[in-house]
Amino acid sequence: MKKYAKILLILITALAVLSCFTACSSAASAAGPDENTPPGKPGAAAEEPESSGADDSVRSAVDFDHELDSYKPLKDRYNFYFTYKTVHPWWDAVALGMEEAQRQYLSEGITVTYEYMAPEGASAEDQTERLLTAAQKDYDVIGVDVADEEIISPLLDRLVEAGKKVMTFSSSDAAEGCKRLAYVGNTHNYQDGADLTEALCEKLGYRGKVAILVGSAGAPCHEDRARGARDTIAKYPDMEIVAVEYDMDSVDLAYELTMQILKDCPELDGIVCCNMSNPVGAARAITEKKSSAVIVGMDHDEEALRYLDDGVIYCLGVQDCFSIGFDTIQVAVKIADGNLAGTVFPEKTNEITTVIYQKDAALMLALLYGDII
Amino acid sequence: MTQKRQITNRSFVLTAILGSMLILAMMTANTIWVSRQAGAATNEAVSVVSSFYLEAMADSRAKTITNLINSNFEEMEKAVAFIEEEKIDSQGELRNAIGKIKSLLGLSRFALVDKDNIVYTQYTTYTGRSRHAFLSEETIKDRIIRTVSLYGSSRQLCLVIPTPELSIMGKPFKACFVQLDIKEIVDLLAFDDQGRTHFALYSKNGGNLSGTELGPIISDRNLFDAIQGIVPENVWKENRANFENEAEGSLSFSVGGTEETLRYVPIPGTGWEIAILIRESVIQDQIRDISERHLEFSRNQVVFTLVSVLLLAIVLLLEIRKFSKDKLEEEKETSRTFRNMANTDSLTGVRNKHAYSEMEAALNQQIQAGEIEKLAVVVGDINGLKRVNDTQGHAAGDQLIKDACALICEYFTHGAVFRVGGDEFVVLLQGKGYDTMTEVISSLNARVEENMKENGVVVSVGYSALTPEDRQLRDVFERADQMMYERKKELKAMGAPARR
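Here the protein sequences line up with chains A and B, keeping their order.
End of the first sequence = 373 in my numbering, gap-free, step of one.
End of the second sequence = 1500 in my numbering, gap-free, step of one.
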């Protein structure tokens, strides 16, 4: 009898210990990152993982599984205006996250309407005009993906001073000290540029000639990444930057610029591409010229992912556009209700970037675009 | 006679059993033959059936999608007409109008596109050139059907119609479009057949659009990735070309002994192929089920027939036995009648000389065995029979015999009366008849003496009882006969008619 009692005691103790562990782990999850900050390390790089964790890394790079947080909106109708740098698939991905948030609000009886507009080519002047026009209308919040921080930031200050509720979103924040109410998007563009360049340097054995395709002149995200690239290359004495070009987020221009760089420097060893368009243009040129230059670049363009799959592109830093879009609408609703940063939303909502390699390309293609023609 | 009947019964039983077994054997053999024939026919039928079955299913579902597309195009035309009639002066009014269209016409994700490629939906307005591939065309002239899979969103079928006449808020609009979620199309096509058949929608490269599993082997993978190495290369290429050319076709393959057949047909205008797959084993199982049900029915039929035949045989046997028994009884009765006729005196109805002889033989055995204690023989003789015959005729003589017999029978009620000669009777007395013998004879004699006065029947009787010394009945009879003669003389002396 005593023996059975002992066994029972051991079992109960084991169950109690197990319960404690479970409770602790749940508590740890619940007490994780800020509710407005998606999980994941900013600038996390998938360092060519060999295990099955590679799949998890790719799957977590873009989080399509979102739910509105517990914040209760004060109104049942909201109307926003968003403008971004240029018509481009990257912002279409952001739009899908925004639409998901809009659908979820609608299912809770809250109607969110908005305009999501951009010019055909990145232009601070065009953006200024759009913002001024929007300011004339009665939008609850105006959101902007800053085309040029030097031009746009002062405008945003004036709008805020005029009583407009203004936020920045997606890839580019305004200049430091801007009075905009919040930013939702990539807060680590410099680090993204540095991480991609570090991967390139390692691939090249820290020796070689490199070109940088920046993107749009003045666009904070592109400039920050380029700065990160420059600083990284500067660390290695045998690495040399042979060209820095602005492709203005245009695939065609990126192609032409790369062709010219290859003409000027046929022995080019690598190219750092700081936006979503230029890896595609660079890869087309490299393929055409049969160059062995190693390309590192940004984001999830389908053609770029196919080049990654084929090994033409070495790695890509993929931003979680869907989450950016979803969080943008959530923060806009909170701003519209008169909340300020630091209360129910952070001043900067961080979003992750995941570096993926050739082995990850097929899965990423399947996740984002499916296997269709 | 009895022996012969038993042989007949046994023959009948044997015949019935053998007949039943023969019938059973024939029916069993027939059932087995039929089932084997059915099994052979099954395999031939399977491929034909599966082909027809799959083709019909694929065609039916392809038509469903085509009808859905056409229906949506018609609704879009109505939507454009509705918008044209509405007085829209602001973006808000346009959003409301689109909302009405969605609720009235059931068009999901209905949107309008202006000349600057700005897309207007119920809740959003956005620049859409990079998002919607069809907007890369400067002008849209015809209807467009396009599959969309954009950045992880659900796959959709985009239907576009041009709107060259449409102008809203003073701005020309180039098109309107709807986006049908392929998951919703899949729900429309889904059918509940307990997982026996599978379907999936494919793009030209074999990519799975529907997300449905086309059986366990292909699953939801790219069709041509899945079957590469499973089917011969020429078959693979041929089917791949069919997809590219939007042609229909079918494909059979076997993995791990599992035979699978799929049929695919194009869905016009979409670039899709719908494939229906069924495992041949499913059809085989179904046909086998039917065959087994038939076999079971046949088995039951055989058992039922056997039982019926056996029951029939038993009933017949019983009937025959009853018939035989009745026949036997009848024969016994006839025999008894014949025997009675042989042992009965036809004139008087009492037993005759033959019967007496049989009885005498039987009693002699018993006497010799010492089994009889009480036995007496009475011998009676009719007085004056010859004189009646001679003077009054034989009819009168016969009547005298009958009267005499009646007289004897009247007195010897507990004895066996025999007519052993023309005018001679013997009565055998045992039991009560033996015990009352003396009294009965005295009464009879008194009656006879009375009859003499009235000219009635006169019978002389003598009697004797069995003694231990007697070895046979004859011994007793002779003493009784002697006594009868003495009595006859006595009666004669008293005036009774003499015999001769």
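No lab work stands behind these hints, which were simulated from the structure alone.
Heads up, a few of these hints could be off.
Claimed, not checked - Taking lysine-lysine pairs in the BS3-like style, the calculated list, with each CA pair at most 25 Å apart, reads: (1) A:75 / A:348; (2) B:1353 / B:1402; (3) A:203 / A:289; (4) B:1115 / A:137; (5) B:1174 / B:1078; (6) B:1183 / B:1171; (7) A:75 / B:1489; (8) B:1386 / B:1322; (9) B:1402 / A:137; (10) A:137 / A:209; (11) B:1353 / B:1432; (12) A:137 / B:1386.
Stated by the list, open to error - Heads up, incomplete: computed chain B residues facing chain A, CB under 7 Å, no partners named: (13) 1123; (14) 1124; (15) 1126; (16) 1129; (17) 1154; (18) 1183; (19) 1442; (20) 1443; (21) 1447.
Stated by the list, open to error - A few chain A residues that don't get close to chain B, going by computed Cβ distances all over 12 Å: (22) 69; (23) 73; (24) 89; (25) 103; (26) 115; (27) 150; (28) 160; (29) 178; (30) 231; (31) 263; (32) 309; (33) 348.
Using N, Cα and C, we set each Cβ at its ideal position, and we do this for glycine too.
Structure-based check of each hint:
Distance check on the hinted pair: residue 75 of chain A and residue 348 of chain A sit about 24 Å apart at the alpha-carbon level, within 25 Å; holds. Our distance criterion of 25 Å between C-alpha atoms is met by residue 1353 of chain B and residue 1402 of chain B, whose separation comes to about 16 Å. A distance of roughly 21 Å separates the Cα atoms of residue 203 of chain A and residue 289 of chain A; the hinted pair therefore holds under the 25 Å criterion. Taking the CA atoms of residue 1115 of chain B and residue 137 of chain A, the gap is about 23 Å. The hint holds against a cut of 25 Å.
At most 25 Å may separate the alpha-carbon atoms for a hinted pair to count; residue 1174 of chain B and residue 1078 of chain B meet this at roughly 16 Å. Distance restraint check for residue 1183 of chain B and residue 1171 of chain B: the Cα-Cα separation of roughly 35 Å exceeds the 25 Å cut-off, and the hinted pair is therefore not satisfied. For the given pair, residue 75 of chain A sits about 160 Å from residue 1489 of chain B by alpha-carbon distance, which is inconsistent with the 25 Å threshold. Distance hint between residue 1386 of chain B and residue 1322 of chain B is unfulfilled; the C-alpha atoms sit about 54 Å from each other, more than 25 Å.
Distance check on the hinted pair: residue 1402 of chain B and residue 137 of chain A sit about 154 Å apart at the alpha-carbon level, beyond 25 Å; violated. This hinted pair does not check out: residue 137 of chain A and residue 209 of chain A have alpha carbons roughly 51 Å apart, beyond 25 Å. For the hint linking residue 1353 of chain B to residue 1432 of chain B, the alpha-carbon distance of about 24 Å falls within 25 Å, and the restraint holds. The hinted pair formed by residue 137 of chain A and residue 1386 of chain B fails the criterion: a straight-line CA distance of about 168 Å is larger than 25 Å.
Given hint, residue 1123 of chain B at the interface with chain A, holds; its Cβ is 5 Å from that chain's nearest Cβ, closer than 7 Å. For the restraint placing residue 1124 of chain B at the interface with chain A, the shortest Cβ-Cβ distance is roughly 6 Å, inside the 7 Å limit, so the hint holds. Restraint check, residue 1126 of chain B versus chain A: the minimum CB separation of about 4 Å is within 7 Å; hint holds. Contact between residue 1129 of chain B and chain A, as hinted, is supported at the beta carbon level, the nearest pair being about 5 Å apart and thus within 7 Å.
About 10 Å separates the beta-carbon of residue 1154 of chain B from the nearest beta-carbon of chain A, more than 7 Å, and the hint is not met. With a least beta-carbon distance of about 13 Å to chain A, the hint placing residue 1183 of chain B at the interface is violated under the 7 Å criterion. With a cut of 7 Å, the hint placing residue 1442 of chain B at the interface with chain A is violated, because the nearest CB-to-CB distance is about 111 Å. For residue 1443 of chain B, the shortest C-beta to C-beta distance to chain A is roughly 110 Å, which exceeds 7 Å, and the interface hint is violated.
At about 115 Å, the closest approach between the beta carbon of residue 1447 of chain B and any beta carbon in chain A exceeds 7 Å, and the interface hint on this residue is violated. Every beta carbon of chain B lies more than 12 Å from that of residue 69 of chain A, the smallest distance being close to 21 Å; the non-interface claim holds. Against chain B, the non-interface label of residue 73 of chain A holds: every CB pair exceeds 12 Å, the least being about 15 Å. Its closest Cβ contact with chain B, about 5 Å, brings residue 89 of chain A to no more than 12 Å, contrary to its assignment away from the interface.
Under the 12 Å C-beta cut-off, the non-interface status given to residue 103 of chain A relative to chain B is violated; the minimum distance is some 9 Å. Against chain B, the non-interface label of residue 115 of chain A is violated: not every CB pair exceeds 12 Å, the least being about 4 Å. The claim that residue 150 of chain A is not at the interface with chain B holds, since no C-beta of that chain comes within 12 Å of its own (minimum 24 Å). Taking the minimum C-beta to C-beta distance to chain B, about 24 Å, the non-interface status of residue 160 of chain A holds against the 12 Å cut.
Even its closest Cβ contact with chain B, about 25 Å, leaves residue 178 of chain A beyond 12 Å, as expected for a residue assigned away from the interface. Even its closest Cβ contact with chain B, about 31 Å, leaves residue 231 of chain A beyond 12 Å, as expected for a residue assigned away from the interface. Look at residue 263 of chain A: its CB is around 30 Å from the nearest CB on chain B, clear of 12 Å, so calling it non-interface holds up. Under the 12 Å C-beta cut-off, the non-interface status given to residue 309 of chain A relative to chain B holds; the minimum distance is some 14 Å.
Residue placement check: residue 348 of chain A keeps its beta carbon more than 12 Å from all beta carbons of chain B (closest about 24 Å).
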